[in-house]
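S.K.: Listed here are the chains, written in short residue letters.
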Amino acid sequence: MLSYLSLHDVNAPTIAPTGLAHGVHGPSDVRFQDIKKVYGSVRGGAGTVALESFDLSIASGEIFSIVGPTGCGKSTALNLLAGFEATTEGVVAVGGQAIVGPSIDRAVVFQHPSLFPWLSVMDNVTLGQKCRGEPASRYEERARHLLHEVGLRGFEKHYPYQLSGGMQQRVQIARALIGEPRVLLMDEPFGALDSQTRLMMQELLLRLWQGFKPTIFFITHDVGEAIFISDRVVVMTGRPGRVKLSVEVKAPKPRDYSFISSPEFIDLQGTLLQAVHEAAASVYEAQAGGVLK
Amino acid sequence: MTSNNIQPSARPNAAAKPSSSALFMSDALTKPLLSAVSILVLLVVWATLSTSGILPQGYLPTPSEISQDFTLLATQGYKGVSLYDHIGISLFRALSGFVLGVLLGVPLGLLTGFTKTGNALVSPIMAFLRPIPPIAFIPMVVLYFGLGETGKVVLIFWTAFNYVHVNAHSGAANVPLAYLRAAKSLGLTRWQQFFRIIFPAAIPQIFTGLRVAMALSWAVVVAAELTGAQEGLGYMISDAALTFRIPTVFIGIAIIGAIGLLLNLAIEYLETRIVHWRGR
Ligand SMILES: Nc1ncnc2c1ncn2[C@@H]1O[C@H](COP(=O)(O)OP(=O)(O)O)[C@@H](O)[C@H]1O
Ligand SMILES: [Mg+2]
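From first to last, the protein sequence lines are chains V and Y.
Counting from 1, position 166 in the first sequence corresponds to residue 166 in this note's numbering; the numbering is continuous, with no gaps.
Counting from 1, position 268 in the second sequence corresponds to residue 268 in this note's numbering; the numbering is continuous, with no gaps.
Watch out, some of these pointers could steer you wrong.
Facing chain V, a subset of chain Y residues (Cβ under 10 angstroms, in silico) [claimed, not checked]:
hint: 1; residue: 189
hint: 2; residue: 219
hint: 3; residue: 276
hint: 4; residue: 278
It is worth saying that the hints were derived from the structure and are not from the lab.
Every residue, glycine too, gets a C-beta built ideally from N, C-alpha and C.
Let the hints inform the model, and build the full structure from the sequences given.
M.R.: Listed below in structure tokens is the structure:
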């Protein structure tokens, strides 16, 4: 199927996780090894198997996106990588080290603004550095520079509620990047923004990535967004979530909006949309079957 | 007949429309005006009722009786204690108990709300104690501490502590998960999370507790003074009622109301100054 694309159909009988282990950027950095995640039952109901046989390798410095139907376990995967949740089976590792909890190595940008409303923009961005005992002379200059880069010069003393949704997300990104994390985790960070703002944020993200080239683990339900920013896009199956399809995006970075109308973009979009649609349809059928029973 | 009925009812409707929208537009002006009108009406009703002779003599003092008695209270005091000292002692009892309750209730509530152990330790006890009206403890407090100052302050402390603790606890326990996760990813230690995230995030809820605790402290001090006190506003009104000095009772009640209002305004003022992010 569509052999001119570098597709890797993991639904094929033989699962070959090692085939995914080396991205274009070098050795594997993030590794999900045969993960199972079951959420405990609430009020006597059956537990939810969110992820099963979830296997993934992300190369160092790679921008990696996950798309898939709602409830397929995307946020669950991110929470495991962030260290917010523990796996039921299997190990998530970064640089060969199993994850035991949150760390400043793995910065997170949340979907909904999670800025602290009692702190100014500047204090939000620098809270981590301050708490680590770094001298203000060192981090303040860096924060100012970073806020300038995300287009928020002059907003240092504002409070989060005085900013638009897009500006708040830029503050979150600045807060995540100031510690130069090894991995940047983003859970539908632009999901609540209008399409104009979104495109600008995507370009901004690519520009910022050029700085120190962190590995980016990006969740979105927008296939176009995934292609635009990523080196690789993975489609997940419906629950329990597994990798259904993995495609590489070869266009060189930095990219601008003209990439959206290129043949490569359009081909990939077609393939990915079809896979996402299949996954969503199977979820829908499973639900309908459950109702009919 | 039918057409006659329709027309007059249609006209006021049509006329009411523009005037109601005018009322809506000048909201800022009409609201205080309406309040002033209602207060004025109340005063007029009081003056006519009290001077009309409909009610038995002395039950409802006239405005002039009130003002005479007020002058007397302000210059001579009540039962050898000046009016200001009656007010002062009530305020002192209420505020000292309140402050002690806050000083202990806020940190303890934050701790028990933040830590799993604390939560498990105090939650069941709190759930039992919370619905008990504070004045139900008066007999016990009198038994343990007698009729002196200690007993009253302990009672107010207990009242304030309960409400402040409950609110600080639930404020800390309900801090959004995303705040805590963000804090952990930023490398904050557990103590840093407590002081820099849990505490500020709980402040709006803490203020809810402060407002309730303040109102109750004031209510409970008056209740405690009704029996077993020689000074204070509660003592003044109950003693004046026993000796049938009705104007003093009314003045005492009005002062209690005014001070309760001022205390509430003071906390609301603090809240708007500190919690600038509330509701945004
Ligand atoms: N904390 C939790 N407790 C119980 N079930 C959960 C929890 N978090 C997620 N789930 C369930 O796990 C499944 C996957 O959720 P999630 O990872 O949030 O999906 P996605 O982000 O792809 O929409 C869903 O069925 C969801 O209801
Ligand atoms: Mg999600």
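S.K.: Tell me, in ascending order, the numbers of any earlier hints that this structure violates.
M.R.: 2
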